[in-house]
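Participant: Sequence:
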Amino acid sequence: MASDFALLDGGLSTALEELGNSLNTSLWSGELLRTAPDQIRAAHKAYVDAGAQIVITSSYQISFPGCIARGWSEDDVVKALQLSVQLARESGAPKVAASIGPYGAYLADGSEYRGNYGVSEDELRTFHKRRLEILIATKPDYLAVETIPDMKEARVVLELLAELKNTIPVWISFSCKEGALLNSGEKFADAAKMAKELGADFVGINCTAPELISELLRSATGYGPFVIYPNSGRRWNAELKVWEGAPAALLQEDMDRWQSEGGAIIGGCCGIGPQAISEVRFPNTHA
4 MASDFALLDG
14 GLSTALEELG
24 NSLNTSLWSG
34 ELLRTAPDQI
44 RAAHKAYVDA
54 GAQIVITSSY
64 QISFPGCIAR
74 GWSEDDVVKA
84 LQLSVQLARE
94 SGAPKVAASI
104 GPYGAYLADG
114 SEYRGNYGVS
124 EDELRTFHKR
134 RLEILIATKP
144 DYLAVETIPD
154 MKEARVVLEL
164 LAELKNTIPV
174 WISFSCKEGA
184 LLNSGEKFAD
194 AAKMAKELGA
204 DFVGINCTAP
214 ELISELLRSA
224 TGYGPFVIYP
234 NSGRRWNAEL
244 KVWEGAPAAL
254 LQEDMDRWQS
264 EGGAIIGGCC
274 GIGPQAISEV
284 RFPNTHA
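For the sequence shown, the numbering used here assigns the number 4 to the initial residue and increments by one for each residue that follows.
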């Protein structure tokens, strides 16, 4: 079993909904950075109180084209990205990971669960570069490149980080499906190998059903350490913007196994709330 381990938080949107917030716009939890930042701080604190040693910021859905389409100014976007890290720090979190969501999150149509957007590498570079620059300048403890569904986008982001001479530890986390595959249909093992070769400190799996995690990890043995934060196993209805199906529990026995399979940072994603995180027990934890 790994000698060190850090407990990650759960789904920010899940904690926000438990606080009574409605998240049904294209910006999802990011909308609250302008309308109710205190709620974001409170949601982070709920995870800190539950024992999370790393919390992920509310910047996942914040992008220049996505926010401007909602009537924000460019300055509004810059301030929201900066505020996302500030609020996470103010929650008392030992460490903060700045969330970098995929291009598919901007489309707000569930594309992060399919991949293969049909856009060029130049378009992806333009989409990601300025946001990366702003988040790096806030000096978070980690950069969490999340829910990436295909290798092209992963490569673009990691190459950009190298060009920007980033020195903040990076994890790049993929959304995956049956057969040890990314949602794009590419092999997770190939993506993990590429990510490590391009400088990622951790390879991750997130917003993926818990029952798929071990097969994915075994397929990529040697390319860890891994960051693992599955969702509750439900499926996202992009049209209605709701999760559908019965949720699965985050089982201690699964998390013990994932740690033995190379997991260094483990928590939850959509549908996994503060109560579930509070019930996790691991020896030798560190932040």
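Derived from the structure by calculation, the hints contain no laboratory data.
It is possible that some hints are incorrect.
[Said to hold, decoys possible] Pairs of lysine-lysine residues, derived as DSS-like cross-links and limited to a Cα-Cα distance of at most 25 Å, are as follows:
{"#": "1", "residue 1": "LYS132", "residue 2": "LYS155"}
{"#": "2", "residue 1": "LYS82", "residue 2": "LYS98"}
{"#": "3", "residue 1": "LYS48", "residue 2": "LYS132"}
{"#": "4", "residue 1": "LYS98", "residue 2": "LYS132"}
{"#": "5", "residue 1": "LYS48", "residue 2": "LYS82"}
{"#": "6", "residue 1": "LYS155", "residue 2": "LYS196"}
{"#": "7", "residue 1": "LYS98", "residue 2": "LYS142"}
{"#": "8", "residue 1": "LYS168", "residue 2": "LYS190"}
{"#": "9", "residue 1": "LYS142", "residue 2": "LYS180"}
{"#": "10", "residue 1": "LYS155", "residue 2": "LYS98"}
{"#": "11", "residue 1": "LYS132", "residue 2": "LYS82"}
{"#": "12", "residue 1": "LYS168", "residue 2": "LYS82"}
{"#": "13", "residue 1": "LYS142", "residue 2": "LYS199"}
{"#": "14", "residue 1": "LYS142", "residue 2": "LYS168"}
{"#": "15", "residue 1": "LYS180", "residue 2": "LYS168"}
{"#": "16", "residue 1": "LYS199", "residue 2": "LYS180"}
{"#": "17", "residue 1": "LYS48", "residue 2": "LYS98"}
{"#": "18", "residue 1": "LYS98", "residue 2": "LYS180"}
{"#": "19", "residue 1": "LYS155", "residue 2": "LYS199"}
{"#": "20", "residue 1": "LYS190", "residue 2": "LYS142"}
{"#": "21", "residue 1": "LYS155", "residue 2": "LYS180"}
{"#": "22", "residue 1": "LYS142", "residue 2": "LYS82"}
{"#": "23", "residue 1": "LYS180", "residue 2": "LYS48"}
[Stated by the list, open to error] Restraint ranges, calculated between C-beta atoms of paired labels, are given here:
{"#": "24", "residue 1": "ALA165", "residue 2": "ALA45", "range": "20 to 28 Å"}
{"#": "25", "residue 1": "ARG128", "residue 2": "GLU181", "range": "29 to 37 Å"}
{"#": "26", "residue 1": "THR170", "residue 2": "GLN85", "range": "16 to 24 Å"}
None of these values were measured; they are calculated from a predicted model.
Note that CB positions come from ideal geometry on N, CA and C, so glycine has one too.
Participant: It remains to establish, for every hint, whether it holds in the given structure.
Facilitator: Hint-by-hint comparison with the structure:
For the suggested pair LYS132 and LYS155, the alpha carbons sit about 15 Å apart, so the restraint of at most 25 Å is met. The hinted pair formed by LYS82 and LYS98 meets the criterion: a straight-line CA distance of about 21 Å does not exceed 25 Å. Straight-line distance between C-alpha atoms of LYS48 and LYS132 comes to about 30 Å, which puts the hinted pair past the 25 Å bound. Proposed proximity of LYS98 and LYS132 is supported: the alpha carbons are some 24 Å apart, at most 25 Å.
With a CA separation close to 21 Å, the supplied pair LYS48 and LYS82 stays within the 25 Å bound. At most 25 Å may separate the alpha-carbon atoms for a hinted pair to count; LYS155 and LYS196 meet this at roughly 13 Å. A hinted pair counts as satisfied when its Cα atoms are at most 25 Å apart, and LYS98 with LYS142 qualifies at roughly 11 Å. The suggested pairing of LYS168 with LYS190 is violated, with an alpha-carbon distance near 28 Å, which exceeds 25 Å.
Distance restraint check for LYS142 and LYS180: the Cα-Cα separation of roughly 33 Å exceeds the 25 Å cut-off, and the hinted pair is therefore not satisfied. Using a Cα cut-off of 25 Å, the hinted pair LYS155 and LYS98 is violated, with the two alpha carbons roughly 29 Å apart. Proposed proximity of LYS132 and LYS82 is supported: the alpha carbons are some 16 Å apart, at most 25 Å. The hinted pair formed by LYS168 and LYS82 meets the criterion: a straight-line CA distance of about 23 Å does not exceed 25 Å.
A hinted pair counts as satisfied when its Cα atoms are at most 25 Å apart, and LYS142 with LYS199 qualifies at roughly 22 Å. For a cut-off of 25 Å, the pair hint linking LYS142 to LYS168 stands: about 13 Å separates their Cα positions. Between LYS180 and LYS168 the alpha-carbon distance is near 32 Å, which puts this suggested pair outside the 25 Å criterion. With a C-alpha separation of about 21 Å, the suggested pairing of LYS199 with LYS180 holds against the 25 Å cut-off.
Annotation: proposed proximity of LYS48 to LYS98 holds, straight-line Cα distance about 12 Å (limit 25 Å). Taking the CA atoms of LYS98 and LYS180, the gap is about 29 Å. The hint is violated against a cut of 25 Å. As the CA atoms of LYS155 and LYS199 are separated by approximately 15 Å, the hinted pair is consistent with the 25 Å bound. This hinted pair does not check out: LYS190 and LYS142 have alpha carbons roughly 32 Å apart, beyond 25 Å.
Proposed proximity of LYS155 and LYS180 is supported: the alpha carbons are some 17 Å apart, at most 25 Å. Straight-line distance between C-alpha atoms of LYS142 and LYS82 comes to about 15 Å, which keeps the hinted pair within the 25 Å bound. Between the alpha carbons of LYS180 and LYS48 the distance comes to roughly 31 Å, so the proposed pair goes past 25 Å and is violated. The supplied range of 20 to 28 Å is broken by ALA165 and ALA45, whose beta-carbon atoms lie about 36 Å from each other.
With their beta carbons about 31 Å apart, ARG128 and GLU181 fall inside the hinted range of 29 to 37 Å. Distance hint for THR170 and GLN85: a CB-CB separation of about 19 Å, consistent with the stated range 16 to 24 Å.
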